[in-house]
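Novice: Let's have the full structure, built from the sequences with the hints guiding it.
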Amino acid sequence: MFTNASNFVDGVDLSFAIILGASVFFLVAITAIMIWFVIKYNRKKHPKPGIVKENHKLEIIWTVIPTILVLVMFYYGWMGYKPMREFPKDSIHIKAIAQMWSWNFEYENGKVSDTLVVPIDKAVTLDLISRDVLHSLYIPAFRIKEDVIPGIDNKMWFIGQELGDYNILCAEYCGDRHSYMMSKVYVVQETEYSTWLNDKSSNDHPGLQVLKKNACTSCHSLDGSKIIGPSFKGVWGITETVITEGVERQITVDKEYIRSSIYDPNADVTKGYNPGLMITTYKDLITEDEVKDIIEYLKTLK
Amino acid sequence: MSTAAIQSKSFYEEKKGLKSWIFSTDHKRIGLLYFYSLGSFFLVGVILGLLMRLELISPGETIMKAKTYNQVFTLHGVIMIFLFLIPSVPAVFGNIFLPIMIGTDDVAFPKINLLSWWLYVLGGLFALSTLVVGDGPADTGWTFYAPYSVKTGTNVSLAVFAAFILGFSSILTGLNFIVTIHRLRHPKMGWFKMPLFPWALYATAWIQVLATPIIGITLLMIIAERVFGLGLFDPSLGGDPILYQHLFWIYSHPAVYIMVLPAMGLISEMIPTFAKRPIFGYKAIAYSSMAIAFIGYFVWGHHMFTSGMSGPARVIFSILTFLVAVPSAIKTFNWVATLYKGSILIKTPLLFSMAFIFQFLIGGLTGLVIGALATDVHLHDTYFVVGHFHYVMFGGTGFAMFGAMHYWYGKIWGKMYNEKMAQISFGFIFVGFNFLYFPMLILGLMGMPRRYYDYLPEFTTLNVISTVGSWVMVLGIIMMLTNLIRSKKRGEKAPKDPWGGTTLEWQTSSPPSLHNFDTEPIVPEEGPYFHKV
Numbered sequence: 002m003f004t005n006a007s008n009f010v011d012g013v014d015l016s017f018a019i020i021l022g023a024s025v026f027f028l029v030a031i032t033a034i035m036i037w038f039v040i041k042y043n044r045k046k047h048p049k050p051g052i053v054k055e056n057h058k059l060e061i062i063w064t065v066i067p068t069i070l071v072l073v074m075f076y077y078g079w080m081g082y083k084p085m086r087e088f089p090k091d092s093i094h095i096k097a098i099a100q101m102w103s104w105n106f107e108y109e110n111g112k113v114s115d116t117l118v119v120p121i122d123k124a125v126t127l128d129l130i131s132r133d134v135l136h137s138l139y140i141p142a143f144r145i146k147e148d149v150i151p152g153i154d155n156k157m158w159f160i161g162q163e164l165g166d167y168n169i170l171c172a173e174y175c176g177d178r179h180s181y182m183m184s185k186v187y188v189v190q191e192t193e194y195s196t197w198l199n200d201k202s203s204n205d206h207p208g209l210q211v212l213k214k215n216a217c218t219s220c221h222s223l224d225g226s227k228i229i230g231p232s233f234k235g236v237w238g239i240t241e242t243v244i245t246e247g248v249e250r251q252i253t254v255d256k257e258y259i260r261s262s263i264y265d266p267n268a269d270v271t272k273g274y275n276p277g278l279m280i281t282t283y284k285d286l287i288t289e290d291e292v293k294d295i296i297e298y299l300k301t302l303k
Numbered sequence: 005m006s007t008a009a010i011q012s013k014s015f016y017e018e019k020k021g022l023k024s025w026i027f028s029t030d031h032k033r034i035g036l037l038y039f040y041s042l043g044s045f046f047l048v049g050v051i052l053g054l055l056m057r058l059e060l061i062s063p064g065e066t067i068m069k070a071k072t073y074n075q076v077f078t079l080h081g082v083i084m085i086f087l088f089l090i091p092s093v094p095a096v097f098g099n100i101f102l103p104i105m106i107g108t109d110d111v112a113f114p115k116i117n118l119l120s121w122w123l124y125v126l127g128g129l130f131a132l133s134t135l136v137v138g139d140g141p142a143d144t145g146w147t148f149y150a151p152y153s154v155k156t157g158t159n160v161s162l163a164v165f166a167a168f169i170l171g172f173s174s175i176l177t178g179l180n181f182i183v184t185i186h187r188l189r190h191p192k193m194g195w196f197k198m199p200l201f202p203w204a205l206y207a208t209a210w211i212q213v214l215a216t217p218i219i220g221i222t223l224l225m226i227i228a229e230r231v232f233g234l235g236l237f238d239p240s241l242g243g244d245p246i247l248y249q250h251l252f253w254i255y256s257h258p259a260v261y262i263m264v265l266p267a268m269g270l271i272s273e274m275i276p277t278f279a280k281r282p283i284f285g286y287k288a289i290a291y292s293s294m295a296i297a298f299i300g301y302f303v304w305g306h307h308m309f310t311s312g313m314s315g316p317a318r319v320i321f322s323i324l325t326f327l328v329a330v331p332s333a334i335k336t337f338n339w340v341a342t343l344y345k346g347s348i349l350i351k352t353p354l355l356f357s358m359a360f361i362f363q364f365l366i367g368g369l370t371g372l373v374i375g376a377l378a379t380d381v382h383l384h385d386t387y388f389v390v391g392h393f394h395y396v397m398f399g400g401t402g403f404a405m406f407g408a409m410h411y412w413y414g415k416i417w418g419k420m421y422n423e424k425m426a427q428i429s430f431g432f433i434f435v436g437f438n439f440l441y442f443p444m445l446i447l448g449l450m451g452m453p454r455r456y457y458d459y460l461p462e463f464t465t466l467n468v469i470s471t472v473g474s475w476v477m478v479l480g481i482i483m484m485l486t487n488l489i490r491s492k493k494r495g496e497k498a499p500k501d502p503w504g505g506t507t508l509e510w511q512t513s514s515p516p517s518l519h520n521f522d523t524e525p526i527v528p529e530e531g532p533y534f535h536k537v
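So the protein sequences, as listed, match chains A and B. To convert, count from 1 in the first sequence and add 1; that's our numbering. To convert, count from 1 in the second sequence and add 4; that's our numbering.
It cannot be assumed that every hint is accurate.
Said to hold, decoys possible - Only pairs whose alpha carbons sit at most 27 Å apart, straight line, appear in this in silico BS3-like list of lysine-lysine:
#, chain 1, residue 1, chain 2, residue 2
1, A, Lys49, B, Lys500
2, A, Lys45, B, Lys536
3, B, Lys536, B, Lys192
4, B, Lys19, B, Lys500
5, A, Lys234, B, Lys69
Just so you know, the hints here were simulated from the structure itself, not pulled from any lab data.
Specialist: Laid out in structure tokens, this is it:
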């Protein structure tokens, strides 16, 4: 709080100040009056109740004043929010792709990153894409949040105004690892941004890049631990018991098996795991060449 | 009443044995059946809540895995909302006291009333069966948001079907109360001679009857999608996930008022009794119940400010949300004004009522913070919302029920509770409650999303405070229940009217006889809260 990290912070925090301020005032005032009455008119000191007539004027006053107050609150809430929906004509477009349970950001030049890097003082529009269930992209420091809904083209925009890194969280419940679906937004200088954007080299194996880009590693670990699905570590070449149409059988993890696990994951499910939540096919997302990269990578993962 | 009149048997003594209870059509017995079944589910919900708080005492895994945690918070929500809060006040206190307070001998349809309880039990069994069959309880959150609820392997269909059955129970109770209030009021009791608790039940009953069918059909659509693969909500089957949210909240927002309006009615009963004053602004309170019930239908969209709804829709839902706050404010002002120049007796029910006002204020005012668009965008789906609705639902409805349990203890069970123990337990519950939920409001402002199994280290301190608060509160609840259970044996015999109450239930014996009144009750001409000083 009390930063100016994005262009919306001022308007939102002003609404907070007004609404929270009025709320605290009313809470304290009404509670104090209530306690004062209870002490002052305690039966021991005040055995006979006084006569109080119904008072229509008072009823009207305490109907009209709160009505005006809440409309003022509404107004500030609306004004703080309005710019969030007024999209700039000229901005950097980045696709924010949500998938259980990771974020990927795809830039206009094709670069894909699991963190969001943006230049300072430039308008950025995020096109929100979900590949499975509901997610919500939330940057607390920027005071923005918008749900990421499969099949619906939601978007959001902001201007990063202070250099630094800020949390990106998922705010819409999306399953087992919802609370781990995090990323960061880095607000950097323009020059740093363009260097980063045009540097497409990666230290990762090309196969690993494909796995990360498609959120495979958020369920299938690289170190042998069980997250949701079977780990990728040491999987190449082993004999595995799978369930095919309800029948158990032994298979060898080879090229053909890996290919079919990507394009038709529910056909043969490793025993002890649920078909569950994985996308039913990656046909449109992972090309045949990329499958080859994955296989080469798995071979190295002993 | 002449001294020669023979004291007739209380409704407990009329018939004995299990069958005489579970097939009883007496509204008081049905109310008690609800009380014990609701109470059991409430305690299960509390235990689940305790486990959640224990898991969250430190970041990382503490006592359970992520999937278990997700199932626990779903079950906690489903039990607390569908099995406790929605039936709560009407099913228990409404059943026991509505006919007595309007001077009649039962509800309009006693057999349908019994059927409602049976449907409630059936729904409860379905909800519990998710624990033992298949892949375990649903892990979707009580909102069952699609498409996750369509895809997950857990027992969503069963849980949803349980909620579907419970809906019928709610509709039938609402229908019963509407007809009872219209047709069975004492001939001398005009609409504005009726106490405010029946007024609140009346407003609530209309929501139960009109809104519940929508959730019924929505839940069936979820089942159809899961079982037959119909593309209704899941976009990969051609459905629309936002449609689900609309349908869900068209019921579930008015349902919030099903949960809180009757509790407000309880407060309107307790405050005039202990202030020894007629309630201030009787008509304003009665009308505001109806206003809340009416405007409450048009605000559901505020649950969806970040879902991608159209801009103008967000603005309209925000402004309507602010308007629904006004009748609640009117009620609060009138309650406090009732205390003015009263002759106030400080007993446990009044303490719970005062705590209700304080906590309902926090719940209501935080509701304004999330009703405003700019602030909601930041707070939506964070712990602020969790704190907000626990302040309204538990700090409000829960506390009103605890208060009413003491207020009507003598009337229901024929004995008086121990006042000193009750006040000490109240202290623990009040302090524990606020330590449990206030930190959640701050966590939300700091940006901690809800339904998080694990959290960033900066949120630790407040989570620890919250968990410790949960222990204090549960200790208080245990003390309160122990006191109430012990008092049933050891308490002094309750007089007809221990508090100097003015409504009709205080004119009959404690506990009442099977037909409620041995002699014709006298409806006070000066209105329901007239104290003869």
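Novice: None of the hints should be skipped; say for each whether it holds.
Specialist: Here is how each hint holds up against the structure:
1. A:Lys49 <-> B:Lys500: holds, 22 Å
2. A:Lys45 <-> B:Lys536: Judged against 27 Å, a Cα distance of about 18 Å means the pair holds.
3. B:Lys536 <-> B:Lys192: holds, 19 Å
4. B:Lys19 <-> B:Lys500: holds, 22 Å
5. A:Lys234 <-> B:Lys69: With Cα atoms ~22 Å apart, Lys234 (chain A) and Lys69 (chain B) stay inside 27 Å; holds.
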